[in-house]
Amino acid sequence: MKILEFEKLESTQKKAKEIAKNSEPWTVVLAKEQTVGYGRKRNFWYSPRGGLYFSAILPKTKIEDLQILTILAAFCVAKILKEDFKLEPFIKLPNDVYVNGKKICGILTENIIFGKEVRNSIIGIGLNTNIDQFPEDLKKIATSVKIELNKKVENEEILKKILNEIKEKLEIIS
Amino acid sequence: MKFLIKIGDKEYPIEILEGENEIKIKVGEKEFSFKKEEKVFLAKTKFEKKEFREKKILAPIAGTISEIFVKEGDFVKEGQKLFLLSAMKMENEILSDFEGKVKKIFVKKGENIKKDQILLIGE
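In the order they appear, the protein sequences are chains A and B. Counting along the first sequence from 1, when you hit position 141 you're at 141 in my numbering, and nothing is skipped either side. Counting along the second sequence from 1, when you hit position 3 you're at 3 in my numbering, and nothing is skipped either side.
Keep in mind that the hints were calculated from the coordinates and are not lab data. Even for Gly, the Cβ is constructed at its ideal location relative to N, Cα and C. One should not assume that every hint holds.
[To be verified] Pair ranges (Cβ atoms, derived):
| hint | chain 1 | residue 1 | chain 2 | residue 2 | range |
| --- | --- | --- | --- | --- | --- |
| 1 | A | I173 | B | K115 | 16 to 26 Å |
| 2 | B | K71 | A | R42 | 19 to 29 Å |
| 3 | A | E117 | B | E22 | 55 to 65 Å |
| 4 | A | R42 | B | N112 | 16 to 26 Å |
[What the hints assert, rightly or not] Pulled a few chain B residues facing chain A out of the computed Cβ check, cut under 10 Å:
| hint | residue |
| --- | --- |
| 5 | L58 |
| 6 | P60 |
| 7 | I61 |
| 8 | L84 |
| 9 | L85 |
| 10 | N92 |
| 11 | S96 |
| 12 | D97 |
| 13 | F98 |
Here chain A stands alone, though its shape is the one from the complex (with noise of 0.2 Å):
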């Protein structure tokens, strides 16, 4: 596994996009902040420094499983915060995880498809971790683990986690 990171981005999945026909699979974009972070549907994701956002690049995978993965990733970063944060996470499906009725996490697979074949695939996940406060338009919807716990999170740590749930959940549904 290759972790790419950056300082400074626009997007993760925008790099991770440009750089991924030419890279290994698993190979990582992660960035400490983001200036134009997006979910699905191009919605703007707040990404300050503080915040963990990466992209990975999948390995060849059938889209049906991809689509399966996609849920599955909410589930290995809600498990990750019940877990080891003692949080309350709420998945709303598709793919956005909750604490508190505030949203914590969005997750955005996106393919790129040449002719009928997959020719790659990017999971994007953003985490709110150390962010201390929203701007006022967010504060009511959205929540960092920093601002549930009042503590700081190690970044890389759970990063390398949720990596490798990924990664033992695609092998088991691919």
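Put chain B on the given structure of chain A with help from the hints.
Okay, now just chain B, sitting in the frame of chain A:
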């Protein structure tokens, strides 16, 4: 083998002689000979049907067309983004696998589509 062929009012004496390696055909005083091994090949030329040159872009899975990046008449390159298809929790960028002109687009933005439905025809 001798026989007569009558064309209009005129008669032509024909004689066919078969040798070991050739066949002779005599018409009156004129003689034509053909080698037996000589084969006549007919050119196997098939004209490509127009449909054959058409390139179809099909939906890889069922979903909703969220974006259409090209319009009819546009020239597209191989690898150019054509559609964004939101499907089952995923966003799918559908790239062109041909270079050419967009002949017809069969879907609209926001339309729900089935797997293998034709999205676009190019030529």
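Hints, verified against the model:
| no. | hint | result |
| --- | --- | --- |
| 1 | I173(A) to K115(B): 16 to 26 Å | holds (20 Å) |
| 2 | K71(B) to R42(A): 19 to 29 Å | holds (20 Å) |
| 3 | E117(A) to E22(B): 55 to 65 Å | holds (58 Å) |
| 4 | R42(A) to N112(B): 16 to 26 Å | holds (19 Å) |
| 5 | L58 | holds (7 Å) |
| 6 | P60 | holds (5 Å) |
| 7 | I61 | holds (5 Å) |
| 8 | L84 | holds (9 Å) |
| 9 | L85 | holds (8 Å) |
| 10 | N92 | holds (5 Å) |
| 11 | S96 | holds (8 Å) |
| 12 | D97 | holds (3 Å) |
| 13 | F98 | holds (8 Å) |
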